[in-house]
Amino acid sequence: MIETLEHTTFDVKEIRQQFPVLNRLVKGKPLVYFDNAATAQKPKVVIDALTEYYEKYNANIHRGIHSLAEEATAAYEATRDTVQQFINAQHREEIIFTRGVTESINLVAYTYGRTNLKSGDEIIISGMEHHSNIVPWQLIAEMTGAKLRVIPVDDNGELIMEEYYKLLSEKTKIVSIVHASNSLGTINPVKEIIDSAHKAGAVVLVDGAQSTVHLDIDVQELDCDFFAISSHKVYGPTGIGVLYGKKHLLEAMPPFMGGGEMIKDVSFEKTTWNDLPYKFEAGTPNIADTVALKAAIDFINSIGKIAARKHEDALLQYATEQLETVDAVRLIGRAKHKVSVASFVVEGVHPQDLGILLDNQGVAVRTGHHCTQPLMNRLGIPGTTRASFAMYNTKEEINVMIAALNKAIRLLK
Amino acid sequence: MSQEVKSIAETEEEIVEEFSLFDSWDEKYEYIIDMGKKLKPLDDVFKKDENKIKGCQSTVWMVSELQGDKVIYKAESDAVIVKGLVSMLIRVLSNHTPQEIIEAKLDFVDRIGMKQHLAQTRSNGLLSMVKQMKLDATVYLAQLSTKN
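Chains Z and R are the protein sequences, given in the same order. Here the first sequence is numbered in the working numbering, starting from -14 and rising by one per residue. Here the second sequence is numbered in the working numbering, starting from 9 and rising by one per residue.
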């Protein structure tokens, strides 16, 4: 039997039935959930996986000798295998569980960064980073004397790559770059960024918070040194995330946190570290959410990322066309390659006012600076209204948003 | 004829009555937006960081002063709905004594169905504004009591 990656049948109605929250009303109106870039809703299989874990095999993992501990350990480690396949990592021990992208980036900053950076070295980030990919590097730069350099962004919301090449030098030690912008949707040319960084002798961390749910991720093909994933943005539970790191780098890095699980032997004279991945997983991990993350990835695989992406791209295109018909709307972020994020401002209207009036019509969008204040400053705006689409969204919902938007603007102007 | 100053509770009741005329959410918001637009703009000299009330999304600037034994508030926001809500808070609290302001329950916000705007989310500067108004009143109360 031949297996194809491309799933030909994509039935959005059938998919919606798997997400219980989509049935609820907000302010008496059917929920239109367009805040997926902040967090995606959860399919029933993920919720069931959580319940099942607590109802049937809750136990602390790895050292227990009883049946529950064995089952919990097997389920926890099965997620590692699933994540490994999901992003095509070479080794399973390259998958480290963290609390999320923020912790993943901090882990690299505080271990790799702190041991490898010295005064005069440079870290390159971009002008469209989320605060979580800015602040950890600022903290490490302060500790080590390294400098933070920033790739500028053009008016369309794309990186100015010529400027990146100019910034790269033998001083560059780390490049940490967002794969897809949470505020604008821009997909950055990470492969190019990684290749040229490697030529300059730097390692590259890719912030995959927004990209993992939409794009096929192959860390070996990308050749990135680190890749950070958030579970709750890929239909999984909150409180869990992944750091992928190349094995030789992770092995050379000191531990991030000390405690149980991450040690081999402890004595007051000398403590030795456990092997990968456990060296970086101190303390009792977030077992339930890790177990349920597998259900989320299995769910995505059952739909097929290519089919989902096709649907989401069509939604983005439709939303973009429809938004352009609304008077006074200005789209923010016109990159050639985007994930399904439509960010916009309405001239003369504060995004918060818009957010409040859309919420009253059952439409959940995000308004504000989206934790990317430097980017908003660059674009000369305080914030945007952002509609971000998931595989369960529909064109009809976009119509509801456009009607709600028109009504909101009428009330405000 | 001297105009009688309404008590805080009376003004709250008055606002609740005004809102009872509206059947739908959009009429309520239309009214709030209208009040926001009518709020007298704050002089630019007061729009500085020390008068800013922290909220993640919108900015509120507020100043207060003691006139006799009454506190006078002036405020503005860059978002019009917040401005409307701010305008109601000023209407209710301004021109009252610090003690009255400290004791004000402000349950009209809930009664007109705008409770969500006082919710503990970081996108909301209104709750911080209420706290700041009461804090200012507390300071004035202390000032007044040392004078007496």
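Treat the hints with care, as some may be off.
To be verified - Straight-line Cα separation of at most 25 angstroms, DSS-like style, residue types lysine-lysine; simulated pairs:
1. K82(R) with K398(Z)
2. K12(Z) with K82(R)
3. K82(R) with K392(Z)
4. K45(R) with K398(Z)
5. K142(R) with K398(Z)
6. K123(R) with K12(Z)
7. K45(R) with K14(Z)
8. K29(Z) with K60(R)
None of these hints come from the bench; they were simulated from the model.
Hints breached by this structure: Per hint list: 2, 3, 5, 7 and 8 violated.
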